[in-house]
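Participant: Each chain, letter by letter, is given below.
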Amino acid sequence: MAAASVASPVPHLPTSASTSITPASNTSTSTSTSTSSATSDMAAATSKSSWIALGCEGSANKLGIGLIRHTTTSTTILSNLRHTFISPPGTGFLPKDTALHHRTEFVALARRAIAEAGITPADVDCICFTQGPGMGAPLTSVAIGARTLALLWDKPLVGVNHCVGHIEMGRDVTGADNPVVLYVSGGNSQVIAYAEKRYRIFGETLDIAVGNCLDRFARVLNISNDPAPGYNIEQLAKKGTKLLDLPYVVKGMDCSFSGILASAEALAAQLLQLGPEGAGFTTEDLCFSLQETIFAMLVEITERAMAHVGSSEVLIVGGVGCNERLQDMIASMAKERGGSVFAMDERFCIDNGIMIAHAGLLAYRTGFRTSLEESVCTQRFRTDDVYVEWRD
Amino acid sequence: MCREFSSRNIIIPLLNPKISSPAENGTQSSPQMADCLVTCASIVFFVLHIGLFLRLTAAPVAGGRRSPTNGTGNPSLSTPLQRVISVILSGIVPKTKFLSSALPPKSPTMAATASEAVVHEFPLPAILTNPASTPPTLITQGAEGRLYKTTYLLPSIPCALKYRPPKPWRHPILDQRLTRHRILSEARILSKCRRDGLRVPDVYALDESAGWLMLEWVQGTPVRVNINQRLGNRTEGIEDDEELKDLMRRIGAAVGKMHSIGIIHGDLTTSNMMLNPPAGQTETDNVSGLEGEIVIIDLGLASGGVHDEDRAVDLYVLERAFGSTHPRAECVFGEVLDAYKKSFKQAGVALKKLEEVRMRGRKRSMLG
Amino acid sequence: MAVETIQLEHVPASYRVYLALFRNVKNAAFLHQQLLARNAEFEYAFIDASTIVSRMHLLSAVFKAVNNSVNGVLKTPNVHSETVVSLSSSSNIADAYRRFGVSPSTTDLFVVKIVFPTDTNPEPASAEAISKHLTDNVEGDAVPATDDTIETITDVRAVRKSYKLNGLAWLDGIKDELVKRKEIERLVLGGMALRGV
Chain A
1 MAAASVASPV PHLPTSASTS ITPASNTSTS TSTSTSSATS DMAAATSKSS WIALGCEGSA
61 NKLGIGLIRH TTTSTTILSN LRHTFISPPG TGFLPKDTAL HHRTEFVALA RRAIAEAGIT
121 PADVDCICFT QGPGMGAPLT SVAIGARTLA LLWDKPLVGV NHCVGHIEMG RDVTGADNPV
181 VLYVSGGNSQ VIAYAEKRYR IFGETLDIAV GNCLDRFARV LNISNDPAPG YNIEQLAKKG
241 TKLLDLPYVV KGMDCSFSGI LASAEALAAQ LLQLGPEGAG FTTEDLCFSL QETIFAMLVE
301 ITERAMAHVG SSEVLIVGGV GCNERLQDMI ASMAKERGGS VFAMDERFCI DNGIMIAHAG
361 LLAYRTGFRT SLEESVCTQR FRTDDVYVEW RD
Chain B
1 MCREFSSRNI IIPLLNPKIS SPAENGTQSS PQMADCLVTC ASIVFFVLHI GLFLRLTAAP
61 VAGGRRSPTN GTGNPSLSTP LQRVISVILS GIVPKTKFLS SALPPKSPTM AATASEAVVH
121 EFPLPAILTN PASTPPTLIT QGAEGRLYKT TYLLPSIPCA LKYRPPKPWR HPILDQRLTR
181 HRILSEARIL SKCRRDGLRV PDVYALDESA GWLMLEWVQG TPVRVNINQR LGNRTEGIED
241 DEELKDLMRR IGAAVGKMHS IGIIHGDLTT SNMMLNPPAG QTETDNVSGL EGEIVIIDLG
301 LASGGVHDED RAVDLYVLER AFGSTHPRAE CVFGEVLDAY KKSFKQAGVA LKKLEEVRMR
361 GRKRSMLG
Chain C
1 MAVETIQLEH VPASYRVYLA LFRNVKNAAF LHQQLLARNA EFEYAFIDAS TIVSRMHLLS
61 AVFKAVNNSV NGVLKTPNVH SETVVSLSSS SNIADAYRRF GVSPSTTDLF VVKIVFPTDT
121 NPEPASAEAI SKHLTDNVEG DAVPATDDTI ETITDVRAVR KSYKLNGLAW LDGIKDELVK
181 RKEIERLVLG GMALRGV
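Residue numbers (UniProt numbering), protein chains in the order written: chain A, 1 to 392; chain B, 1 to 368; chain C, 1 to 197.
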């Protein structure tokens, strides 16, 4: 693959590397202080009342690093930084380019997060990182960063499930106690509810994720990926008026988006070929129809899960959860059911390091650690694989 | 152990260069690096590795291969390697302007839009506003709509009125299309099931434009309730509960019968099956709470189909719903599938397919 | 009095439903002729009673017709013709009249009269008036429309044919005639509910 040739100018052997980084040995002061403080920190772990975690997220095209402090009664966000890899219109983000982006930005972002938090590495209790699900290469890159920090500062690692990160952050931010969770992003579309120590997946996509559907649709129409394709579709959809007939596929609490994507792509091709006059609809109409149809499907499966578990609270998390039309639709549904919706803004809806730090710290406080040997990533990490020790 | 990995499919082994190398460039160093990280405690050595790590990532950047980002990136990336490393290890933070979606620190005032909980009476469908001997009772507000217990024609005939109210959040055209389609489709399917001898509620009347379907009132409780009552707080001996297993077999047989006549339910859960107690049996007679005939209800998402794939997905939906609703009774779910297998000729093929669907389902938390 | 007043559930209070059953009808040809001539005096649902399996069956047709009338979506000229057509499991109107309506050879006859105030007729006919008109014009014996009586009149073979209930092995396999009849009634109701959809 082309990737190999990119790296080739620099031989990556420890011996050759050691020659080129001699200046590093000059500045070993900060690392030595952190090592000494870490040992005392470990001794005090049992009777602590305040904890700080650093979270590293990079399962898709966002690199996020954040620091959070828990006390027995409160949660404080110390810093929450994100750097997004944006591919040109008409293209998606490829694993190797995204991984490269994460590796490139990791150190600077970590440094900045620490600085903005106003703490020193010695204050950190654990290094949390996304263990999955997500794209392999970016996950692995960020995991390397997290491992390096952990070893550098002698801090324990905590591997975090990305979806659980979203859920826990959402619960904390919104105060929703036991909501049905609609988790919609570029890689995931799940309806989740907590039962007996696990986040159980009640419904999910049978094929592609909803965000993936939107992203790929945006590519066909050359809609910009900046700041996000879904955001730009949302803006276009606001001007759409005509509802086009698109497949509506809900099976139980699951739904499918591949058929609707194929139909939308076919209509988009028609539009590009004939123009709005010839096709009888505009780009805006198409965006509008796509949103109306897929969001109606999401609201439906969410409502079904709510009915099934007897809950009236909904929490929306994930990047697609930023969409205001989706939030309005869910809110209207929840209201009709005598319940309420909890939605978050882009700081927490979009992938971020804070949620990883938060969920990781919850696990850490129950005694959970991820050893270095176990700190491998998995692209397919089910939400219900996580044993939720910290909830009743 | 705090976390259990019940069935994680594919682990990306960091230490396996076959997997990590082709997809990435910089992490080609990861095999050596990780090994060293594990075995070597030397701080200097870590430093060297960070240098390597950065150097590898920095190289393509210099080659102009970095794709545009929303931020300017960080000056440290374009500086010589030495500076990069010194920046890492010194306490100095480069004063660069971050153009990513970074937030001001320490701003835990998080935007939560929790609307006020509103509990209100639902307006009745027009048909139920007409006089009747007893007022209609709202039984459930399912996702599908509302289920009322009311009467059909005469005070002595109880019935279930399934009402799909307009969903104001849905586009009106889409809403009308879905409502009509679902009322008609459910009625057609119930009628077909009935004709082919599967026990489902009778269709009494319908009005697809007004969004209601009047059905026979099935006596009994949803199987979910019976199972949960049976389970109580038990955690042991569930796998040997013969009466529970017998219920599972009746479920399997009913689902098999449904599939054999070419119907796919689309939303099989233990809430969508009623346990109709034997005629003349009162509640006190019902010793195990598990006797009776399975009546499959709520065929609102059902469709005609004889494909093994569809049957397998149907079973998969049931399996998952069962697991999430009755986690402790998962051990007896096998009985459902065993009975299903015996219920019609093609069942074995569908069950084979189920294994495939399970695998697919397990994978799909990944990117599309 | 020949007619029975029926109070159906979920029917607007302004609607009145009257029902009569005549046996040994001698002048079916005359009644049939009045329908064909669209004689306004004879605006009734005249139904061949051998096509009916139970009161519930007949009343279901009435309910459907009334509902369509209330919603203003009648598919036939009036609520009475709608009642006859509502009995059918197909959307073919002419076929429905032929199968379920009165014919010159009808001997057992159901008569349904549905009245409600309209602009032109704010005070519809009373039960007495309807009863008298029927007694004067139907040559037959008025009997109570009980399920027991209906059972003796039903032509089960014709019903099974009308509702396409032949060739159902499970139905044929039912030994208990009472259970079988109940099952037929259920299937008939389902067939009617789905007419034309």
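Honestly, the hints are just simulated from the structure, not real lab data. Note that the structure is a prediction, hence the values are computed from the model and not measured. Backbone N, C-alpha and C define an ideal beta-carbon position, used for all residues, glycine too. Treat the hints with care, as some may be off.
Estimated spans, in silico, between C-beta atoms of each pair [stated by the list, open to error]: (1) A:D245 / B:R360: 23 to 31 Å; (2) C:T146 / B:A126: 30 to 38 Å; (3) C:A29 / A:G259: 56 to 64 Å; (4) B:A210 / C:K161: 29 to 37 Å; (5) C:P12 / A:D245: 17 to 25 Å.
Under the rule of at most 27 Å between Cα atoms (straight-line distance), these lysine-lysine pairs were calculated in the DSSO-like manner [said to hold, decoys possible]: (6) C:K175 / C:K164; (7) C:K182 / B:K257; (8) B:K192 / C:K180; (9) C:K161 / B:K257; (10) B:K192 / C:K132; (11) B:K257 / C:K75; (12) C:K175 / B:K342; (13) B:K352 / B:K342; (14) C:K182 / B:K149; (15) B:K192 / C:K26; (16) A:K197 / B:K245.
Participant: Now tell me if each hint is right for this structure.
Facilitator: Hint by hint, here is what the structure shows:
| no. | hint | result |
| --- | --- | --- |
| 1 | A:D245 / B:R360: 23 to 31 Å | 28 Å, holds |
| 2 | C:T146 / B:A126: 30 to 38 Å | 33 Å, holds |
| 3 | C:A29 / A:G259: 56 to 64 Å | 60 Å, holds |
| 4 | B:A210 / C:K161: 29 to 37 Å | 32 Å, holds |
| 5 | C:P12 / A:D245: 17 to 25 Å | 37 Å, violated |
| 6 | C:K175 / C:K164 | 20 Å, holds |
| 7 | C:K182 / B:K257 | 22 Å, holds |
| 8 | B:K192 / C:K180 | 18 Å, holds |
| 9 | C:K161 / B:K257 | 26 Å, holds |
| 10 | B:K192 / C:K132 | 44 Å, violated |
| 11 | B:K257 / C:K75 | 37 Å, violated |
| 12 | C:K175 / B:K342 | 26 Å, holds |
| 13 | B:K352 / B:K342 | 14 Å, holds |
| 14 | C:K182 / B:K149 | 22 Å, holds |
| 15 | B:K192 / C:K26 | 40 Å, violated |
| 16 | A:K197 / B:K245 | 26 Å, holds |
Consistency note: the structure conflicts with the earlier hints numbered 5, 10, 11, 15.
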